[in-house]
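K.L.:
First to last, the sequence lines map onto chains A and B.
FYI, the numbering for the first sequence is 1 to 248, going by the numbering used here.
FYI, the numbering for the second sequence is 1 to 218, going by the numbering used here.
These aren't lab readings, by the way, just hints derived from the structure by calculation.
Keep in mind that the hints are not guaranteed to be accurate.
Residues of chain B placed beyond 12 Å of chain A at every Cβ, according to the derived structure [what the hints assert, rightly or not]: (1) V48; (2) L78; (3) V86; (4) I139; (5) M143; (6) F144.
Calculated cross-link-like contacts (lysine-lysine; reagent style DSBU-like; alpha-carbon spacing at most 30 Å) [to be verified]: (7) A/K114 / B/K160; (8) B/K160 / B/K209; (9) B/K209 / A/K75.
Every residue, glycine too, gets a C-beta built ideally from N, C-alpha and C.
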Amino acid sequence: MAIIEVSNLKKSFGELEVLKQITFDVNKNDVVAVVGPSGSGKSTMLRSLVYLEEINDGSISVAGHKLVESGIYSKPKEINLITSKMGMVFQHFNLFPHLTVQENLEIAPKLLKKEPFSVIQRRSTELLEKVGLSDRAKAYPSQLSGGQKQRVAIARALMMDPEILLFDEPTSALDPELTGEVLQVMKNLAEEHMTMIVVTHEMEFAKEVANRAIFMDNGEIIETGHPSVLFTNPQFDRTKAFLNRTLR
Amino acid sequence: MSTEFINMIMPMLEGAKVTILLFLIAIVSSIPLGFILTLGVKSNNKIVSWLAQTYIYLMRGTPLLLQLLFICFGLPLLPVVGEYLVLDRFVAACLGFILNYAAYFAEIFRGGLLAIDKGQYEASHVLGLNKWQTTTRIILPQMFRIALPAISNESVTLVKDTALLYAVAVPELLHFAQTAVNRDFTVVPFFFAGMIYLAITLVLTMFFKWLERRFKFV
Ligand SMILES: Nc1ncnc2c1ncn2[C@@H]1O[C@H](COP(=O)(O)OP(=O)(O)OP(=O)(O)O)[C@@H](O)[C@H]1O
Ligand SMILES: [Mg+2]
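So that you can see chain A by itself, here it is in the shape it has in the complex:
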């Protein structure tokens, strides 16, 4: 069953048409890898889903609720409801530098969820353990390595119990030796059947973890399929050219 439905999405920055006619569905429990050359619109597409970008035309609905239909956005209340179903992890972590790791996790549920603080605390403790950072709860983000920061960011997103997690190149800002620990956390989430959309350059990871890959180029989805098929037997020249460049 589709949990995200995107149809005919169009987005321009001024004259520049960044997304041309994007249509795709994401099923519950899917792990979707989005790949494509730089500037092809992957980030913009992902950001549109959580209303970080306002699209010009097309429809997006999440878990049956319409975020935008034919370019007309729903009421703010409905928009909030929809975006609250999604968590997002950024390339540059975007942790709150003035808060400790634990406070980073707890601030949003503390302000937004109607549940006792003890419940929130229990969850933050659990999630820090899950990402292997129990001993860094009192540290500030500046005291962490990149890999640790990204794991905190993932835990922070999970604190709000999202149904879908979006990742925008979560390992691209990391030293190569630190990507593994982050990919491992994501792998664990996939095994727990978290629905995820991951924009990534990590082809190995995509092959191993994703059950669907989307190849984007120049604001369009060129082709989509199971990674094992798409990466080894692409139908289109543009896909082939891209894969030749990235897989060598």
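Given the coordinates of chain A, assemble chain B with the ligands onto it according to the supplied hints.
P.N.:
What follows is chain B with the ligands alone, placed relative to chain A:
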């Protein structure tokens, strides 16, 4: 201690009280006012933003001394309303300092806001925080931390600027030092005045250093 010395130092300490009082009033009022001005500049309302920017430009573009003289001696000369604008000198001076320093603090805060990465707003948005929560919980604490060294610097300048009260004849530290120099034909009071200013700025600097350490996260 000789009575001569006490006769010299006591009025200066009285004057120092005025200096410190002015400083405290000016700083606790101009910082919030400055912040409101920053919000004004950033406002989506064009008129509000323009007014705030113009205000800041006027206050920073003209000498504080001119502004003080204007409030103390200029306002009462205005036609019709002038007679209602004869303020107590000290009150007038406080007003001048607050209005002037608010403009400087507004610029400092604006700089602090510019230094905050847009990723902070985006992370807040995807976590579901509303605009108010984002501003008060995420942006302001970072802005104040970033602005702290500049605020510290501006405060030290403010301490020294209080000497401008001399020009509008409010008896403060420098006034009494000058009186003592004239009366006793000695340069010593100037040194004492200097030491008192140094003591005030030292305490202030130490306070801000402590704040910077206390809120060290970057
Ligand atoms: N805020 C913006 N204003 C103007 N142009 C933008 C903006 N954001 C993105 N663009 C442009 O839109 C196009 C698509 O950008 P996007 O970031 O979505 O690409 P991407 O596929 O994520 O690339 P990368 O792999 O480099 O992250 C690019 O040409 C980019 O320059
Ligand atoms: Mg991108």
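K.L.:
All hints, please: hold or fail.
P.N.:
Verification of the hints:
| no. | hint | in the structure |
| --- | --- | --- |
| 1 | V48 | holds, 23 Å |
| 2 | L78 | holds, 47 Å |
| 3 | V86 | holds, 47 Å |
| 4 | I139 | violated, 10 Å |
| 5 | M143 | violated, 10 Å |
| 6 | F144 | violated, 9 Å |
| 7 | A/K114 / B/K160 | violated, 51 Å |
| 8 | B/K160 / B/K209 | holds, 19 Å |
| 9 | B/K209 / A/K75 | violated, 47 Å |
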